[in-house]
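> Single-letter residue listing:
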Amino acid sequence: MKNTISKYYPLIPVFIAYLIMFLIGFSVPGMWQMVALLAFYCALGQSWNIFMGMTGYVDFGYVTFIALGTYGMSLGISYLYHFEWLGIGIIFIGILLALFLASLSALLEAFIALRLRGAYFAIACIGINEGLRYFIEGAKLWGGSEGLIFSGALMQALGREVANQLTTFWADFSVFIIAALAAFLNMHYMRSKIGYALTAVREDEDAAKVMGINTTKYKTIAFLTSGLLGAGVGAMAWGLKLGYVYPGDVFVIHYTVECIVVVLLGGAGTLMGPVVGGLIYGLSKYWLAIIMPGFQLLIFAPIIIIIIVAFPEGVIGLLKSRLRGTKYKMFIE
Amino acid sequence: MVSSQLANRESMIFTLLAGNLAHGLLLGGVYGMATMGLSLIFGVINVVNVGHGQFIMVGAFITLTMFTALGLSPVVSIPVALILGMALGFFFFYTVMRRLIRAPELTTLLATFAIGILLEEIAKLIFGADFRGYNWGVGKITLPITTIPMSKVYAFIGSIVIALFLYFWLSKTRLGTTIRAVIEDNEGAKVCGVNVGWIYALSFAIGIGLTVMSGVLLTMFIPVGINPYMGGVYTLKAFVIAVLGGLTSPYGAFFAGLIFGLIENGAYTLFALIPGVAPFPLTISLAFWMLFFLLLVKPTGILGK
Amino acid sequence: MSLLTLMNVTKRFGGLVAVDKVSLEIDEGELIGIVGPNGSGKTTLFNVISGVFYPEEGTITFEGRDITHLPPYKRAPLGLGRTFQISRPFSSASVRENVAIGAMFGAVAEQKTSVDDSLGMADRYIDMVGLGAYRDKAAGALTPVEKKLMEIARALAMRPKLLLMDEAMAGMNPKDIDDMVNFIRKIRDEEKIAIVSMVEHIMRAVAGFAERVIVMHQGAKLVDGKTEEALTDPRVVEIYLGQPSDQVK
Chain A
1 MKNTISKYYP
11 LIPVFIAYLI
21 MFLIGFSVPG
31 MWQMVALLAF
41 YCALGQSWNI
51 FMGMTGYVDF
61 GYVTFIALGT
71 YGMSLGISYL
81 YHFEWLGIGI
91 IFIGILLALF
101 LASLSALLEA
111 FIALRLRGAY
121 FAIACIGINE
131 GLRYFIEGAK
141 LWGGSEGLIF
151 SGALMQALGR
161 EVANQLTTFW
171 ADFSVFIIAA
181 LAAFLNMHYM
191 RSKIGYALTA
201 VREDEDAAKV
211 MGINTTKYKT
221 IAFLTSGLLG
231 AGVGAMAWGL
241 KLGYVYPGDV
251 FVIHYTVECI
261 VVVLLGGAGT
271 LMGPVVGGLI
281 YGLSKYWLAI
291 IMPGFQLLIF
301 APIIIIIIVA
311 FPEGVIGLLK
321 SRLRGTKYKM
331 FIE
Chain B
1 MVSSQLANRE
11 SMIFTLLAGN
21 LAHGLLLGGV
31 YGMATMGLSL
41 IFGVINVVNV
51 GHGQFIMVGA
61 FITLTMFTAL
71 GLSPVVSIPV
81 ALILGMALGF
91 FFFYTVMRRL
101 IRAPELTTLL
111 ATFAIGILLE
121 EIAKLIFGAD
131 FRGYNWGVGK
141 ITLPITTIPM
151 SKVYAFIGSI
161 VIALFLYFWL
171 SKTRLGTTIR
181 AVIEDNEGAK
191 VCGVNVGWIY
201 ALSFAIGIGL
211 TVMSGVLLTM
221 FIPVGINPYM
231 GGVYTLKAFV
241 IAVLGGLTSP
251 YGAFFAGLIF
261 GLIENGAYTL
271 FALIPGVAPF
281 PLTISLAFWM
291 LFFLLLVKPT
301 GILGK
Chain C
1 MSLLTLMNVT
11 KRFGGLVAVD
21 KVSLEIDEGE
31 LIGIVGPNGS
41 GKTTLFNVIS
51 GVFYPEEGTI
61 TFEGRDITHL
71 PPYKRAPLGL
81 GRTFQISRPF
91 SSASVRENVA
101 IGAMFGAVAE
111 QKTSVDDSLG
121 MADRYIDMVG
131 LGAYRDKAAG
141 ALTPVEKKLM
151 EIARALAMRP
161 KLLLMDEAMA
171 GMNPKDIDDM
181 VNFIRKIRDE
191 EKIAIVSMVE
201 HIMRAVAGFA
211 ERVIVMHQGA
221 KLVDGKTEEA
231 LTDPRVVEIY
241 LGQPSDQVK
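Residue numbers (my numbering), protein chains in the order written: chain A, 1 to 333; chain B, 1 to 305; chain C, 1 to 249.
One chain only, chain A, in its complex shape:
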């Protein structure tokens, strides 16, 4: 029994970090927005890391999931708000729609993209994102290029008071929940058969197949999990919170860049990495937005390059190799 529980020790620092962040945001006036931003990046990083960290595949089009999640929530509210008897249930329907759309996309992508390797996979992922965006605009689907605005609809459905609470507190709070969930799933996968299978896939995919590993199945599980969590973040942090959506705003590859930076900074494939990366990146972005607005990407692009070239392991990766063999190892993953 002890063996089983101690497997999950590395989650402790992660949860403590999230708890501290939440408490600071909750109790210190004016800090909630910043903390919400940090949680956003941690959650995204944690979710993206589940697939990338374990398989080594880089999903360049990850933002597709976030975007579809946003649309799911948006569609739910926009089209169902006049069913007032739904009450708060409308939010849950929005979440379900978000997850539904994301899983459709994930399965489609998995069917095609996961059969590809390296460069072809990356190209396919980018293609999916751009293709979906322009299809929505082109076919004038879901509001076409103008998108949907539904903050008003939300207020109509639930009343001003509730709507306000949702958009200013609960939306951000759920991002914390998603981040914690992502961390837990990440850990759980890593320690289970899925983790071992994907390690094998990452190291040598052909040898893994000969060992009896159904590589497509395991890659798909990780991919789907990663995507659904991302959709959740989109539904909450973008959809519910902001009250509008349009293709040019959400299907933007730059958000994938942010996920990459967060995960690379902290250490790809590690558990704590996205948390550290999310904090560093979130704080830097917040700070830069104040002193030098509009320059974030200009600064981060060379930073990504430098990290790739010089520090591929990230902060946590370096820490792990330092701590190997000591008793602290079990707290860091």
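FYI, nobody ran anything at the bench for these hints, they're computed from the structure.
Every clue listed holds true.
Chain B side only, calculated, beta carbon under 10 Å to chain A, not exhaustive:
hint : residue
1    : N46
2    : V47
3    : L100
4    : L109
5    : F113
6    : V243
7    : W289
8    : L296
Small disclaimer: the values here were computed from a predicted structure and weren't measured.
Yeah, the Cβ is synthetic: ideal placement off N, Cα and C, and Gly gets one too.
Dock chains B and C against the given chain A, drawing on the hints supplied.
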């Protein structure tokens, strides 16, 4: 009365289609030439330049600046773009790419991606995010099916000339043959005493140079809509064309470009006839469906091996 | 019933015929050696059997079941294990984890094990090949010979009925080769596995353990028979320029 009106409308559509296809063929030549750099780089150092579109953007801005600030015709911009492009290529190769030769594929994808973003942001810094354009008035040709601005014709001629030039250079010159050897068999070339490292650098530089040059030709064709973020769409199109033509073959890329140009314009014409859709974004979305279909059916491309 | 049957299996790469209408049969518990010069198609044959490639012609049957076009990951649970000519360890994982992976995924369905059980089982096989001291070492840090031993342990953890060993003894000195030969005999006796070992020219080993020898040449099966007969066959001698008849004593 009615039947002749119908016939008239049909022939109008036909004329429209034929005219647009003609434009599409010309554009295809430019697309094809624009993708040759991508194929060359992939063939030699096995790197997919995800920042491809951004280098095209660089070429576009070079043309814009030289035309509006110095009053120089876009034709002059072509060699300037080549030189600047190669300089950029060497720069990025020796600072970034060289260290990543042995790294996992995906690291190089990330690196070229980041380079692309860097270029966008620098362009935004220098030029601002607005959409710009220029007007190169060199007249037009009138054909029975359509009117074609001469600038487009020049762009097409330019792309063919450059493609031919590349063809002869790769097959007839010693340096070119060496590059082809490295594409075919990396290890074998090393054993024959080829300084593979230098070939890598040179090929990357030439590839980038070609790409930046294609930006010039592209703006000759479409002299509007120039802005720092214009590159992304072209990257997607280039990927489709490269996969269509076989990711490693520059020649295949050119012909695939022609095909793509035809399909793109043809589709646009047809989409425009459907009420209630926006044809422009839908056409771009078509590129995605094509890519998907291709990757599913024949990832090595129709014209590649 | 024979364990593995190949009927007229042919594998082409473009214009090159790597495996040319090869037919053979392997029964339970047999110890077989496949020999042949470089390029004779041995590794391709193994790749076709384990599913890395599918043949253009011919059929492969395992325990009566047609596996010709079965994906590789479905062949392992049937009882087909293999090691590679150039070791392919999962470098960043420990030796223990590597071997455990074999147990986790490669075993026959009824014997599929959990992560914890697999890790436990891994120890048994690690000790069997003598790598006990390196249990927690990263697989990528082992010497080439140690990597080969680890691969064997990993393949054994899959509880195969047939083990394909590809050049397992390359790079070993004569003493190690003798140990390996004894080891092969031992696992055949204890684990009841049929072992097909592929060696290029280490006749000492082949003569030491093989009950039957198949000689391949230019993709085709040249000779298939009892060890001594096969190795002294004039055609075989001819390919090897006289070496075998010296060493088979």
